[in-house]
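Visitor: Line by line, the protein sequences are chains W and B. Just so we're aligned, residue 593 is where the first sequence starts under the numbering used here, counting upward by one. Just so we're aligned, residue 593 is where the second sequence starts under the numbering used here, counting upward by one.
Please keep in mind that the hints were generated in silico from the structure rather than gathered at the bench. All values derive from a computational prediction rather than experimental measurement. Check the hints yourself; a few may be wrong.
Which stretches of chain W does chain B cover? Using the computed rule of at least three CB atoms under 8 Å from a CB of chain B, they are [stated by the list, open to error]:
1. 640–646
2. 659–667
3. 684–695
4. 704–711
5. 741–751
6. 759–769
Where is the CB? At the ideal position from N, CA and C, for every residue including glycine.
Protein chains: 2
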Amino acid sequence: MSPYELFYWPGIQGRGELIRLALEDAGAPYVDVARERGTGPMLALMRGAGPGLAPFGPPFLRSGSLVLAQTAAILAWLAPRHGLVPAAERARLHAHQLQLTIADFYVEVHDTHHPLGSALYYEEQKPEALRRAEIFRRDRLPLFLGYFEKALERNGGRFAIGRRSSYVDLSLFQVMVGLEYAFPVATRRLARRVRRLQALKERVAARPRVAAYLASERRLPFNPHGIFRAYPELDG
Amino acid sequence: MSPYELFYWPGIQGRGELIRLALEDAGAPYVDVARERGTGPMLALMRGAGPGLAPFGPPFLRSGSLVLAQTAAILAWLAPRHGLVPAAERARLHAHQLQLTIADFYVEVHDTHHPLGSALYYEEQKPEALRRAEIFRRDRLPLFLGYFEKALERNGGRFAIGRRSSYVDLSLFQVMVGLEYAFPVATRRLARRVRRLQALKERVAARPRVAAYLASERRLPFNPHGIFRAYPELDG
């Protein structure tokens, strides 16, 4: 099989990281196109250089003649090809539902530092960010983490979906390490209420291919350009 | 077949309307549960009264023992059962990708009046809303509508996906009528650049089952509680 081509911004983890983690855990060969060849081919595909529907934005994945965008849609397509989700239809539907809820949470995390949108720099919307981040820490963070914790609990405690690790677990790992980077204080305060998520994070980090990936240069560090940003003033 | 049960807030179109339009256009029998029986059963399912994964929030659909949440996931599941999407895998993938981009746009429309989140009333975040709406009208609205218009154009001009009407067309109709309600001035200004979207909107409105639905009491009116809100100050 020729390698997948992943198109994503080269300097950040962002939403692309949820795809990278799935590809890495599956041991699937892939090229991180913008990191190896610059953003030119990616931007060309967004402008419509390929056939059929153009992506609105990255991440998107190319496999043969298929170009597929939207993180959760990519994962739903990729996962059954690599054993990253149970085969049963209901499990796949619920994995996708949960992944889309993670996507909703990503928007809210992003909007803590960009409540007015990405057209302005953080510094141009800092008072608004302070207000939004306060609400995030007080309401939204406990609500979403509580929901994910409950989903784990109701499924036996160890896996988000089914009886073994799936791509949703990999994304929940990324959520947890991202939050610990961006909101260390607020996240620590919730630690006792999300013990299953914490344990899941440790187990995912110890998966051999994930551990090798995290130790490699392929894993970009968190930085002040991604979705999870360490602005101490937004952590209360 | 016993009717689908749709769970959504009873007083607004919101995201639930994208499901209602699909069910109506398909002529599929359904119960709009919260409108007929109140929100109790819906809130109970969100709290985990059912088996398996609980929805984070509405809309969700129950069919037999399946409870499925997330608007785009519901549509992707529902559409092939009712001929609302081509059978070919690639068309279904791209329909879903496009629907998820519509979902992203919905968040941005919502955030024009709630840039700090739903925990505060509009009146408590009005200065922020004015700033965000300005950026929305200037950047985001033309960007998204231009993208949808281009997607239509590249697919022959009449349908978003494939060679006949699909659930994505129904959602694009809802986007257009919602924008005309919430941002009449800004939307009119773009009219010449989105002629295919305008024509699509007219064609969808004329589909017999859609027309019958829109004329019925089942179609809730737009109002100041939904995603599309007519606040003239946000329309510039």
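Visitor: Tell me whether the statement that chain B covers the stretch 704–711 of chain W is true, taking a Cβ distance below 8 Å and needing three residues at minimum.
Guide: holds (count 4)
Visitor: Can you tell me if the stretch 759–769 of chain W counts as covered by chain B, using C-beta to C-beta distances under 8 Å and a minimum of three residues?
Guide: violated (count 0)
Visitor: Cut-off 8 Å, C-beta pairs, minimum 3 residues; does the coverage of the stretch 640–646 of chain W by chain B stand?
Guide: This one holds; 4 residues, not fewer than the three required, reach chain B with a Cβ under 8 Å.
Visitor: Closer than 8 Å Cβ to Cβ for three or more residues is the test here. Does the stretch 684–695 of chain W pass it with chain B?
Guide: As far as the stretch 684–695 of chain W goes, the hint holds, because 7 residues have Cβ atoms under 8 Å from chain B.
Visitor: Do three or more residues from the stretch 659–667 of chain W put their C-beta atoms closer than 8 Å to C-beta atoms of chain B?
Guide: It holds: at least three residues are needed, and the stretch 659–667 of chain W offers 5 whose Cβ sits within less than 8 Å of chain B.
Visitor: Check, residue by residue, whether the stretch 741–751 of chain W contains three or more positions whose beta-carbon lies closer than 8 Å to a beta-carbon of chain B, and give the verdict.
Guide: holds (count 4)
Checked against the numbered hints above, the structure violates only hint 6.
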